[in-house]
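Residue numbers (my numbering), protein chains in the order written: chain E, 253 to 580; chain S, 81 to 527.
Read the hints as simulated data drawn from the structure, not as lab findings.
Glycine is no exception: its CB is placed at the ideal position from the N, C-alpha and C atoms.
Any given hint might turn out to be false.
[Stated by the list, open to error] Simulated restraints on C-beta separations:
(1) S:G401 x E:I457: 48 to 56 Å
(2) S:T83 x E:A560: 36 to 44 Å
(3) E:F366 x S:M518: 32 to 40 Å
(4) E:K525 x S:K314: 23 to 31 Å
(5) E:Y317 x S:I520: 39 to 47 Å
(6) S:G401 x E:T327: 35 to 43 Å
(7) E:A419 x S:T83: 16 to 24 Å
(8) S:E309 x E:I457: 27 to 35 Å
(9) E:F313 x S:T526: 54 to 62 Å
(10) S:D406 x E:W349: 36 to 44 Å
(11) E:T469 x S:E425: 33 to 41 Å
(12) E:M442 x S:T83: 54 to 62 Å
(13) S:A336 x E:A560: 28 to 36 Å
(14) S:D406 x E:F366: 40 to 48 Å
[Claimed, not checked] Simulated pairs of lysine-lysine, BS3-like, Cα-Cα distance not exceeding 25 Å:
(15) E:K525 x S:K446
(16) S:K446 x E:K572
(17) S:K446 x E:K316
(18) E:K422 x E:K272
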Amino acid sequence: MNKLTVSLSPHVHSGDSVSKNMYGVIIALVPAMLCSFWFFGIGAITVTALSVASCVFFEWFIGKYMLRNPQPTVTDGSAILTGILLAFNLPSNIPLWMVVAGSLFAIGVVKMTFGGLGCNLFNPALAGRAFMLISFPVQMTTWPTSGQPFLTLDAATGATPLSVMKAAVKAGDPSLLNDMPSLPDMLLGMTGGCLGEVCAVALIIGLIYMLAKRIITWHIPVSIIVTVLVFSGALHLANGMYADPMSQLLSGGLLLGAIFMATDYVTSPMTKKGQIIYGVCIGVLTIVIRTWGAYPEGMSFAILIMNAFTPLINNYCKPKRFGEEVKK
Amino acid sequence: MKTFRIGGVHPAENKLSADQPIKVAELPRVAVFPLSQHIGAPAKPIVKKGDKVKVGQMIAEAGGFVSANIFSSVSGTVLKLDTCIDASGYDKPAIHITVEGDEWMPEIDRSKDIVRLEARPDLTGRDIVEKIKGAGIVGLGGATFPCHVKLCPPPGSKPECVIINAVECEPYLTADHRLMLEHADEIIVGTLLLMKAAGVSQGYIAIESNKPDAIQLMQLKAMTVYGIEVVPLKVRYPQGGEKQLIDAVIGRQVPAPPALPVSVGAIIQNVGTAFAVYEAVMKNKPLFERVVTVTGKSLGNCQNFLVRLGTPMSQLIDACGGLPEDTGKVIGGGPMMGKALPTTEVPVCKGSSGVLIMRDEESHRKPASTCIRCAKCVSACPMGLEPYLLSACAETQNWEKMEKEMVTSCIECGCCQFTCPANRPLLDLVRLGKSTVMGIIKSRNTK
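With the hints as extra help, turn the sequences into a complete structure.
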């Protein structure tokens, strides 16, 4: 008789895997990616392809020659995901060498230095974006306007909804907000901005897909969105120079951040309670930075700040233990 | 439909043998009875080599209050008092009996007639408990906790209801399902006996909704008596866990250990136990046989057998077409909580609910990768624990933190490891931590 395997229970597995989750998120990003190609043309394709290629290369190179991992991690899809998300946070006309530098920072410094997937404290793509924003402020904040001919390399640039909002608050003049694009335009992505953030509809399709596939739960995205609506709504009611809540929600990287960045497994809290606290704080910080901060966009900084608080939240927010409640 | 409130998973059900009527398994040539087939002190043998025994004769007596008598399931001669490998994988003391004929103890009523509770108005609760204790009945769902101990709750606690666990939430297993379909009347009487023994007037029979025929039949039978309600439950693992079942049926949560289920007024007994109680009290038949599911995707024909305890599992597998060539693992019990057996010669014991054959390719774990902190284990844990954290603490031997994080509440259901996308051995590590922490607590209390 052949030898029997003896191991501890459970003897079956759900079949879920790290790469299934990673590729699931990538599939959820496809609608937004196609939209960015449509709106920003060849520039978007080049930036995305280069960002993915360099992230994958750095992950492979560092894993193989510096960390000497016995198990290659490059196939799990996480580096591809970081590459796509980083590209989504860049303008389509950015010089290409900067994309490579950003990828190196994201993968090399933020992810692999801490030990690779699962060990990083900060979201690699967002940290890469923050690094680029501080290092190359001009190139990172001139956005081509959406919907120019496909093969335009030297695209015309223009104001984004966020810069309009900021100008209105600075001047204290609500009439400046009349330059804002219409809500339907913002919903579809007919505005200036980073690659992946413009088309709200495509991002929401991605959210629905991830919820249906149970890749993420509703807690983080919904708590961010509700907080942003409530907080910016209160500001708008108090003074008309603050933009209305729907414009806040649909502009900049808010939806991209709420749906794809803040929900990053590694850097978000583990319990439902913790996730809601995390989401609410991100929402508040985003609006605070957008309204009173030095930068027009606060989403990425808000998420990075809350990434730093995640270990603390994990330490204090415990799930409801069985039997904790007194009997009914 | 009702279910428990925290966590849980839904593994593929694979109830392959659900339509197979219970068949009587053949007698073994040699029956083997480990002295420790229950939780608590091992039983003490009262026979010696060369003694003649009959079916239903006591061969080992309880070694304490939390222990159980053991009866011979066969007639024949005691071959030796030796050891055998049991489901735990260790060599344990056991009585070996060579089978000769099939001669039963005369006091056992072998007729098929149903004896109703009304036929025995003289029975008191105490009589029933004594009878159950005498018959060596333990929890037949797999935990094998002596049945009479649960019926004698510590002073100060007041039982309010008996819940019959007919959930059978483990994938593959169908023994309880078939027992309900074929012995519904006996189970109803057994439930009434347990209720009387516990001194309560409310009984529940909890069945998962993937057994609609059993729900319908038990509902029909329950209508003929007072005080028994059949509760259909949504299919969800680990609903058969004692604490989860109480939460699902009466909406109360048992506090963290050392609190007992009776602290919220519930006494849980398996449906197989209810059947055994009926046979012990009404038919004078001690516990020496049980229903065992023999199943697996690669097995020729999956079956449910009525098996005399002590029969080697290999004999049951042979009756189902033999062990397939590509077998990689043989599990005593279900795939979520069962134990992988080192050999198929392990005898069927009181707690053996099934034998599951797995193909070689299904029997190996995938390599583990680093935790990606997806929090799926936290959502799946039915006790509201954080398996990712507990396993990390176990790896760094941080027992103090594990105790603070309530590792002793873990029921070892395996939901965390089942759901982990990184294939991490979460439960292995949590078990290690749990047993270490329990040892630390014990030594602290004895100081």
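Verification of the hints:
no. : hint                        : verdict
1   : S:G401 x E:I457: 48 to 56 Å : 51 Å, holds
2   : S:T83 x E:A560: 36 to 44 Å  : 38 Å, holds
3   : E:F366 x S:M518: 32 to 40 Å : 35 Å, holds
4   : E:K525 x S:K314: 23 to 31 Å : 25 Å, holds
5   : E:Y317 x S:I520: 39 to 47 Å : 44 Å, holds
6   : S:G401 x E:T327: 35 to 43 Å : 41 Å, holds
7   : E:A419 x S:T83: 16 to 24 Å  : 55 Å, violated
8   : S:E309 x E:I457: 27 to 35 Å : 47 Å, violated
9   : E:F313 x S:T526: 54 to 62 Å : 57 Å, holds
10  : S:D406 x E:W349: 36 to 44 Å : 56 Å, violated
11  : E:T469 x S:E425: 33 to 41 Å : 47 Å, violated
12  : E:M442 x S:T83: 54 to 62 Å  : 47 Å, violated
13  : S:A336 x E:A560: 28 to 36 Å : 33 Å, holds
14  : S:D406 x E:F366: 40 to 48 Å : 43 Å, holds
15  : E:K525 x S:K446             : 32 Å, violated
16  : S:K446 x E:K572             : 31 Å, violated
17  : S:K446 x E:K316             : 22 Å, holds
18  : E:K422 x E:K272             : 46 Å, violated
In this structure, the earlier hints numbered 7, 8, 10, 11, 12, 15, 16, 18 are contradicted, and the remaining ones agree with it.
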